[in-house]
Amino acid sequence: MKVTPEIVKHIAHLARLEFSPEELEKFRQQMEELLSYFTKISELDTDGVPPTSGVLPLFNVMREDELGPTLARDEALKNAPDQDSVFFKIPTILEE
Amino acid sequence: MIFRPAFEILREIRERKISSSELVRATLGWAHSVEEKLHAFLTLEDEGALRRAEEIDRRLSKGEEMGPLAGLPVAVKDNICTKGVRTTCGSRILENFLPPYNATVVEKLEKAGAVIIGKTNCDEFAMGSSTENSAFLKTANPWDLRRVPGGSSGGSAASVSAYQAYLSLGSDTGGSVRQPASFCGLFGIKPTYGRVSRYGLVAFASSLDQIGAFARNVRDLALITEVISGHDPKDSTSLPEPVPFYSRELEVPPDRLRVGVPWDLLQEGLGSEVKEAFYKALKLLESSGFSIEEVSLPHASYGLPTYYLIAPAEASANLARYDGIRFGLRAGDKKDLISLYKETRGQGFGAEVKRRIMLGTFALSLGYRDAFYVKAQKVRTLIREDFERALRKVDLIALPTAPTLPFQMGEKVQDPLSMYMSDLYTIPISLAGLPAISVPIALEKGLPVGMQIVGPVLSESLIFRVSYLFEQKSGMHDLKPPILEDYCA
Amino acid sequence: MRKPTIGLEVHVQLKTRSKMFCSCPVEFKAEPNTHVCPVCLGLPGALPVLNRQAVEFTIAVALALHCEIQPFSQFHRKNYFYPDLPKGYQISQYDLPFSRNGYLMIETEAGEKKIGIQRVHMEEDTAKMIHGESISRTLGLGYSLVDFNRSGVPLLEIVSNPDISSPQEASLYLMELRSILRTLGVSSANMEEGALRCDVNISLDGGTRTEIKNLNSFHSVRKALEYEAKRQEEVLDRGEKMIQETRHYDERTGVTISMRAKEEAEDYRYFPEPDLVPLKVHPAWIEKVKSRMPELPEEKCQRYKSLGLFPAEAATIANNPELAAFFDSCLSLKAPGKEVANWLLSEVLKFLNSRNLSIADVPLTPEKLVEFLNLMKEGTISSKIGKTLIEEMLATGEEAGAIIVRKGLAQISDPELIKKWAQEVLAQNPEQVKEYQQGKEQVFGFFVGKIMKLSGGKANPKVLNRILRELLSSS
Numbered sequence: 001m002k003v004t005p006e007i008v009k010h011i012a013h014l015a016r017l018e019f020s021p022e023e024l025e026k027f028r029q030q031m032e033e034l035l036s037y038f039t040k041i042s043e044l045d046t047d048g049v050p051p052t053s054g055v056l057p058l059f060n061v062m063r064e065d066e067l068g069p070t071l072a073r074d075e076a077l078k079n080a081p082d083q084d085s086v087f088f089k090i091p092t093i094l095e096e
Numbered sequence: 001m002i003f004r005p006a007f008e009i010l011r012e013i014r015e016r017k018i019s020s021s022e023l024v025r026a027t028l029g030w031a032h033s034v035e036e037k038l039h040a041f042l043t044l045e046d047e048g049a050l051r052r053a054e055e056i057d058r059r060l061s062k063g064e065e066m067g068p069l070a071g072l073p074v075a076v077k078d079n080i081c082t083k084g085v086r087t088t089c090g091s092r093i094l095e096n097f098l099p100p101y102n103a104t105v106v107e108k109l110e111k112a113g114a115v116i117i118g119k120t121n122c123d124e125f126a127m128g129s130s131t132e133n134s135a136f137l138k139t140a141n142p143w144d145l146r147r148v149p150g151g152s153s154g155g156s157a158a159s160v161s162a163y164q165a166y167l168s169l170g171s172d173t174g175g176s177v178r179q180p181a182s183f184c185g186l187f188g189i190k191p192t193y194g195r196v197s198r199y200g201l202v203a204f205a206s207s208l209d210q211i212g213a214f215a216r217n218v219r220d221l222a223l224i225t226e227v228i229s230g231h232d233p234k235d236s237t238s239l240p241e242p243v244p245f246y247s248r249e250l251e252v253p254p255d256r257l258r259v260g261v262p263w264d265l266l267q268e269g270l271g272s273e274v275k276e277a278f279y280k281a282l283k284l285l286e287s288s289g290f291s292i293e294e295v296s297l298p299h300a301s302y303g304l305p306t307y308y309l310i311a312p313a314e315a316s317a318n319l320a321r322y323d324g325i326r327f328g329l330r331a332g333d334k335k336d337l338i339s340l341y342k343e344t345r346g347q348g349f350g351a352e353v354k355r356r357i358m359l360g361t362f363a364l365s366l367g368y369r370d371a372f373y374v375k376a377q378k379v380r381t382l383i384r385e386d387f388e389r390a391l392r393k394v395d396l397i398a399l400p401t402a403p404t405l406p407f408q409m410g411e412k413v414q415d416p417l418s419m420y421m422s423d424l425y426t427i428p429i430s431l432a433g434l435p436a437i438s439v440p441i442a443l444e445k446g447l448p449v450g451m452q453i454v455g456p457v458l459s460e461s462l463i464f465r466v467s468y469l470f471e472q473k474s475g476m477h478d479l480k481p482p483i484l485e486d487y488c489a
Numbered sequence: 001m002r003k004p005t006i007g008l009e010v011h012v013q014l015k016t017r018s019k020m021f022c023s024c025p026v027e028f029k030a031e032p033n034t035h036v037c038p039v040c041l042g043l044p045g046a047l048p049v050l051n052r053q054a055v056e057f058t059i060a061v062a063l064a065l066h067c068e069i070q071p072f073s074q075f076h077r078k079n080y081f082y083p084d085l086p087k088g089y090q091i092s093q094y095d096l097p098f099s100r101n102g103y104l105m106i107e108t109e110a111g112e113k114k115i116g117i118q119r120v121h122m123e124e125d126t127a128k129m130i131h132g133e134s135i136s137r138t139l140g141l142g143y144s145l146v147d148f149n150r151s152g153v154p155l156l157e158i159v160s161n162p163d164i165s166s167p168q169e170a171s172l173y174l175m176e177l178r179s180i181l182r183t184l185g186v187s188s189a190n191m192e193e194g195a196l197r198c199d200v201n202i203s204l205d206g207g208t209r210t211e212i213k214n215l216n217s218f219h220s221v222r223k224a225l226e227y228e229a230k231r232q233e234e235v236l237d238r239g240e241k242m243i244q245e246t247r248h249y250d251e252r253t254g255v256t257i258s259m260r261a262k263e264e265a266e267d268y269r270y271f272p273e274p275d276l277v278p279l280k281v282h283p284a285w286i287e288k289v290k291s292r293m294p295e296l297p298e299e300k301c302q303r304y305k306s307l308g309l310f311p312a313e314a315a316t317i318a319n320n321p322e323l324a325a326f327f328d329s330c331l332s333l334k335a336p337g338k339e340v341a342n343w344l345l346s347e348v349l350k351f352l353n354s355r356n357l358s359i360a361d362v363p364l365t366p367e368k369l370v371e372f373l374n375l376m377k378e379g380t381i382s383s384k385i386g387k388t389l390i391e392e393m394l395a396t397g398e399e400a401g402a403i404i405v406r407k408g409l410a411q412i413s414d415p416e417l418i419k420k421w422a423q424e425v426l427a428q429n430p431e432q433v434k435e436y437q438q439g440k441e442q443v444f445g446f447f448v449g450k451i452m453k454l455s456g457g458k459a460n461p462k463v464l465n466r467i468l469r470e471l472l473s474s475s
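Chains H, A and V are the protein sequences, given in the same order.
Per this note's numbering, residue 1 is the first one in the first sequence, and the count goes up by one each step.
Per this note's numbering, residue 1 is the first one in the second sequence, and the count goes up by one each step.
Per this note's numbering, residue 1 is the first one in the third sequence, and the count goes up by one each step.
Be aware that a few hints might be false.
[To be verified] Selected chain V positions facing chain A (Cβ under 7 Å, derived; list incomplete):
hint	residue
1	Asn79
2	Phe81
3	Pro274
Bear in mind the hints are in silico, worked out from the structure with no lab data behind them.
Fair warning: this is a prediction, and the values are worked out from it, not measured in the lab.
Glycine included, each C-beta is placed from N, C-alpha and C at the ideal position.
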């Protein structure tokens, strides 16, 4: 199957990744090769076959509505690239 | 002193013949010296480990009942969260990440008295089959330092194989415990999906990931598997069934058993050395009273494309949290959100990770979702049904773990598809969620070859006993790689 | 005028103790980032576990909205990037939602109308972002702050069919929905607190529709729809085409503003959530929840109407859970519904509304109100006195009997005493007596007033009338 540079750019945007023009071309080629190989599965007749959404025979796994331990705020903020000891901080102007 | 099975060492610790502190000190000393050539560890926690060992010694001397792994140095793959200890997943984006909590398996190891000496190297976010995708180090194979130890749990495998630790934890999504076990001459288990809690395992592909373990012999493997298995209320996909004492039942011989070999799957990719070793192993099984039959897994040969659509799809979502907001790397001073995300992720992720995120995003995207993701999930159902059918006819399935001998560093890194092919025989089992142990079956040209023993869901007891029997008959356990000679007197 | 077609998408925060997928507390106005854990922060390795209470609340809402609860439903990941979404996906439901095809009834001027409900499903809330606008303007820097306390709070998404035909109906729909949610006790459904959020879709004559966001009160919903309907009317009148877009409602100016045009529709790449297992909701479970459900407003309303209350009276009480509970307690004490309603909806409600209180806030109890009504029935007090009495009861919580004694409010029925007063009044007003004897009936009322005044308002009206007539006819 054909993977155009537009497709690659669009997918990259959806995934919030970006590539230089050389990388883009390399990825494009690799994706084309891989996806062409993967279309092998279209050979199979899967009419009436349910997709596996999980391999477990489990249903209705739930927990009771009880309170449990939380992280102390400083622990929660510990790994943050930027914080003011109360909030996580991000250096961008955002719109609603 | 230290080149002995874990179960013997554990007995000596219990009987106070050696102290944990002595053992941990010696192990760390050895580990550091081997690291020069091996690069199995991303973090070695000398201080923490010794402190813990001393505490264990203190409590043992008071006569306290400590757990089944008391005092034993173990290693943990760096995609498993350890509280306060750097957990990088082999990625720049988590280079300085300190989890504020322990994975459930880590809690269990600590409760069992194990001493975690460090975090091992792995392919970035567990994506790879050679550990060459780590952003930081390239781990070598103790059997030949120019070759890969396998992946993605290469560090955990190499460290146990080279006696840097007695046991280690890895994770297996498409073969990432079994294949390195095979490449390093170890026993490696991928338990039934849901047998071991995933809470604290940094997710790659949620419906496939399982934490597994490495050991040099079956008893050791059984000991650690018992400890880490069991229901976890924090993991909704965790199975409720109680955990048998695998290590206590090893000697119970399995009855005359039927072993199925999926020759149709093995048509593709099987290297000649591996083929030879596999035949010999089958002969050994036969002479031990097993009957070898053929089973058909007609859709298993579609396992690779199926896996490489489903796993990256789930991964593309699982890795969306790496956005520079709450933790991890953040690209410097971006004025708008989109650039912040793209630069952070661009800088933080390596090529293989990006490739899989792209594949996965594509497989789920509008217009392609049905042909790729949904179709792959349907094929997965067919593969699972193949296994169910086969396992009604036979009791176990045996097949080689990896199609080839451990390959050279740099050999496959440039060709993603050829790298993916190394998972040809492990992937179908992952897709079906079945338990499998990779056992060493031969040394061909001085390089280890492994075979998988696969059973039905929750048949760990059975596959442990079969592996034990095989190990006893073949003598292929507690193997000593050449690197030991380089460092031993 | 072109006919509007309106659909509402409502998000409701559930009043569970803990969050949807983790055991952090659900609490408004807590210190930022203190109700967080690896799960709701989206830390590597964390996993979700479903809150049973959230599911049971959802069953209750689905039942109250007459929905078909799906025997098999599943969670899906909705994938997109935003700082308030820690995992980079929201755990929600997609093509296997919890329930669908329900309705609720609204009482319009033209009568009852059924508004269809497409689906009710579960999902998790996002974090809260705080913008530093003023600072950013001053320093030329922009930053945002994020508080994850809200991340993971259980949400219900309730999507109506586009059956609503006017802004007024939209208001009624929201009020009925809120009433149901409060009666069930599953949510405060308070829009001002953010426990209920609403986005609307509106089109004219079934044409292109616009979505309106940022509606913070029922009032805003109504105003925004009124504005938008007018705006769309004008666009079409000018012969222009309507563009499908999302608009932002500005409360201050009362207008909807086009949001910066989005490049393309979001591709959420939904797939089943692999960290959760599916839900199989058996009839037995539904029955269990059903049996614990309180009576719903519409059922109450019917019941009250059958006691003789007018539809408006029945609706007012039925839609106020606390008032309804009070009313039902009075009924259980065998008080006559119509009379209880009369007093509740007049003096009591007046008192509460003027002070912005709920009936739960005042010391008046059903027992005390019923005693009050009994005293009125016995004739111990007149209804005029009753008004003062009930106000006193609402303020102090004293029993009627005690106040009557304390203030000497008891109605006077002693015929001798009343006759004495009546004779006094008639003697003092001979002109009016003559007028009455000449046939002017209205003067009777004049006498009644004067006698009442003499009695301090306590004369028993019935006795008074009888005695007065007797006196007048005999003189």
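Quick rundown of the hints versus the structure:
Look at Asn79(V): its Cβ gets to within about 5 Å of chain A, closer than 7 Å, so that hint holds up. Taking 7 Å as the C-beta cut-off, the interface hint given for Phe81(V) holds, the closest approach to chain A being about 6 Å. Because the smallest distance between the Cβ of Pro274(V) and any Cβ of chain A comes to about 4 Å, under 7 Å, the interface hint for this residue holds.
Of the numbered hints given earlier, the model fails none.
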